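**Student:** With chain A fixed as given, assemble chain B onto it according to the hints.
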Amino acid sequence: EPEVTQTPSHQVTQMGQEVILRCVPISNHLYFYWYRQILGQKVEFLVSFYNNEISEKSEIFDDQFSVERPDGSNFTLKIRSTKLEDSAMYFCASSLGQIYEAFFGQGTRLTVV
Amino acid sequence: AQTVTQSQPEMSVQEAETVTLSCTYDTSENNYYLFWYKQPPSRQMILVIRQEAYKQQNATENRFSVNFQKAAKSFSLKISDSQLGDTAMYFCAFMKRATGANSKLTFGKGITLSVRP
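Protein chains in written order, with my numbering: chain A, 1 to 113; chain B, 1 to 117.
Accuracy of the hints is not assured; some may be wrong.
Mimicking EDC-like on lysine to aspartate or glutamate, the simulated pairs with C-alpha atoms at most 20 angstroms apart in a straight line are [said to hold, decoys possible]:
1) A/Lys83 <-> A/Glu59
2) A/Lys42 <-> B/Glu15
3) B/Lys109 <-> B/Asp86
4) A/Lys42 <-> A/Glu1
5) B/Lys96 <-> A/Glu101
6) A/Lys78 <-> A/Glu101
7) B/Lys109 <-> A/Asp86
8) B/Lys78 <-> B/Glu15
9) B/Lys96 <-> B/Glu52
10) B/Lys96 <-> A/Glu56
11) B/Lys109 <-> A/Glu44
12) A/Lys42 <-> B/Glu10
13) B/Lys109 <-> A/Glu18
14) A/Lys83 <-> A/Glu101
15) B/Lys96 <-> A/Glu59
16) B/Lys96 <-> A/Glu44
17) B/Lys70 <-> B/Asp86
18) B/Lys70 <-> B/Glu10
19) A/Lys83 <-> A/Asp62
20) B/Lys55 <-> A/Glu101
21) B/Lys109 <-> A/Asp71
22) B/Lys55 <-> B/Glu29
23) B/Lys96 <-> B/Glu15
Simulated restraints on C-beta separations [unchecked claim]:
24) A/Thr7 <-> B/Arg97: 38 to 48 angstroms
25) B/Asn62 <-> A/Leu96: 15 to 25 angstroms
26) B/Asn62 <-> A/Leu30: 24 to 34 angstroms
27) A/Gln17 <-> B/Thr18: 18 to 28 angstroms
28) A/Pro8 <-> B/Asn67: 38 to 48 angstroms
29) A/Ile99 <-> B/Gln69: 16 to 26 angstroms
30) A/Ile38 <-> B/Thr5: 14 to 24 angstroms
31) B/Asn31 <-> A/Asn51: 30 to 40 angstroms
32) A/Thr76 <-> B/Gln14: 26 to 36 angstroms
33) A/Glu1 <-> B/Arg97: 18 to 28 angstroms
It should be emphasised that the hints constitute simulated quantities derived from the structure, not laboratory data. Just so we're clear, the structure is a prediction, and the values are computed from it rather than from any experiment. Every residue gets a Cβ at the ideal spot worked out from N, C-alpha and C, and that includes glycine.
The shape of chain A in the complex, shown without the other chains:
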């Protein structure tokens, strides 16, 4: 069964460093998302991406964050200068269309020290 895959599963980085979280969505999906979950809290929407551009972003998704789909398969989330409060589980998701459910990856646990 096709699945969304994320790498790495766990990343530790120093405050102020740049990180790139990678995702390979399901191949025929058209809509891509990043969500995050701070430990013990609910899952929060960060950004949605369609047709090679951001379709919506939350207030969390400030100028430190960016997304791109550089080669038609990978979908990346970059955090330019990490802060301690960026420590969270980051989930990538993809869906076939607007009315279809999102399929999630297994998540990347980001720890900023």
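**Tutor:** Below, chain B alone, put in the same frame as chain A:
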């Protein structure tokens, strides 16, 4: 804006028994979808069941069923014949049926379900 409320932080059920997880939501939308996602200790989010708001019939998926009350904006999940593998965090989520490209999910805080042997 939509909100999803899961007021029970945790529940426990005996194996083979039935348990119901509550969820309420608030929206001014008329066309939307509701979901229950399961997050086991492995942390991956797995879709359990989905309900279209325009459908009056409650969705079922094997041992999982929902009680969707549109007027009351209530969407509870019933798990029958609970199994040890059902132990997980369960999230209720809302998605509006968008005309544009936006189909983001709004999640509740989740409920931790423990199935006792």
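**Student:** Work down the list of hints and note, for each, if the structure agrees.
**Tutor:** Results for each hint:
Annotation: proposed proximity of A/Lys83 to A/Glu59 holds, straight-line Cα distance about 16 angstroms (limit 20 angstroms). A hinted pair counts as satisfied when its Cα atoms are at most 20 angstroms apart, and A/Lys42 with B/Glu15 does not qualify at roughly 27 angstroms. Between B/Lys109 and B/Asp86 the alpha-carbon distance is near 18 angstroms, which keeps this suggested pair within the 20 angstroms criterion. Distance check on the hinted pair: A/Lys42 and A/Glu1 sit about 27 angstroms apart at the alpha-carbon level, beyond 20 angstroms; violated.
A distance of roughly 11 angstroms separates the Cα atoms of B/Lys96 and A/Glu101; the hinted pair therefore holds under the 20 angstroms criterion. A C-alpha spacing of about 25 angstroms is found between A/Lys78 and A/Glu101, which places the hinted pair above 20 angstroms, so the restraint is violated. Simply put, B/Lys109 and A/Asp86 have alpha-carbon atoms about 19 angstroms apart, close enough for the 20 angstroms limit, and the pair holds. Of the pairs offered as hints, the one joining B/Lys78 and B/Glu15 holds, with about 14 angstroms between alpha carbons and a cut-off of 20 angstroms not exceeded.
For the hint pairing B/Lys96 with B/Glu52, the CA-to-CA distance comes to about 10 angstroms; that is within 20 angstroms, so the pair holds. Of the pairs offered as hints, the one joining B/Lys96 and A/Glu56 holds, with about 14 angstroms between alpha carbons and a cut-off of 20 angstroms not exceeded. Annotation: proposed proximity of B/Lys109 to A/Glu44 holds, straight-line Cα distance about 10 angstroms (limit 20 angstroms). Between A/Lys42 and B/Glu10 the alpha-carbon distance is near 14 angstroms, which keeps this suggested pair within the 20 angstroms criterion.
Our distance criterion of 20 angstroms between C-alpha atoms is broken by B/Lys109 and A/Glu18, whose separation comes to about 29 angstroms. As the CA atoms of A/Lys83 and A/Glu101 are separated by approximately 32 angstroms, the hinted pair breaks the 20 angstroms bound. With a CA separation close to 19 angstroms, the supplied pair B/Lys96 and A/Glu59 stays within the 20 angstroms bound. Note on B/Lys96 and A/Glu44: the hinted pairing holds, with a Cα-Cα distance of about 16 angstroms set against a maximum of 20 angstroms.
Taking the CA atoms of B/Lys70 and B/Asp86, the gap is near 27 angstroms; set against the 20 angstroms cutoff, the hint is violated. The suggested pairing of B/Lys70 with B/Glu10 is violated, with an alpha-carbon distance near 24 angstroms, which exceeds 20 angstroms. Our distance criterion of 20 angstroms between C-alpha atoms is met by A/Lys83 and A/Asp62, whose separation comes to about 13 angstroms. Proximity of B/Lys55 to A/Glu101 is assessed by CA-CA distance (about 16 angstroms); at most 20 angstroms being required, the pair is judged to hold.
Proximity of B/Lys109 to A/Asp71 is assessed by CA-CA distance (about 35 angstroms); at most 20 angstroms being required, the pair is judged violated. This hinted pair checks out: B/Lys55 and B/Glu29 have alpha carbons roughly 15 angstroms apart, not beyond 20 angstroms. For a cut-off of 20 angstroms, the pair hint linking B/Lys96 to B/Glu15 is broken: about 35 angstroms separates their Cα positions. Between A/Thr7 and B/Arg97, the C-beta spacing of about 33 angstroms breaks the proposed range 38 to 48 angstroms.
Judged by the Cβ atoms, the range 15 to 25 angstroms given for B/Asn62 and A/Leu96 holds: they are separated by roughly 23 angstroms. As the Cβ distance of B/Asn62 to A/Leu30 is approximately 29 angstroms, the hint placing it in 24 to 34 angstroms holds. As the Cβ distance of A/Gln17 to B/Thr18 is approximately 49 angstroms, the hint placing it in 18 to 28 angstroms is violated. Taking the beta carbon of each, A/Pro8 and B/Asn67 are about 40 angstroms apart, inside 38 to 48 angstroms as hinted.
Separation of A/Ile99 from B/Gln69 is about 22 angstroms and conforms to the stated range, judged on CB atoms against 16 to 26 angstroms. Between A/Ile38 and B/Thr5 the beta carbons are some 19 angstroms apart, a value that agrees with the proposed interval 14 to 24 angstroms. About 22 angstroms separates the C-beta atoms of B/Asn31 and A/Asn51, a value inconsistent with the hinted range of 30 to 40 angstroms. In this structure the hint that A/Thr76 and B/Gln14 lie 26 to 36 angstroms apart at CB is violated, the actual value being about 45 angstroms.
Distance hint check for A/Glu1 and B/Arg97: the Cβ-Cβ separation is about 26 angstroms, which falls inside the suggested range of 18 to 28 angstroms.
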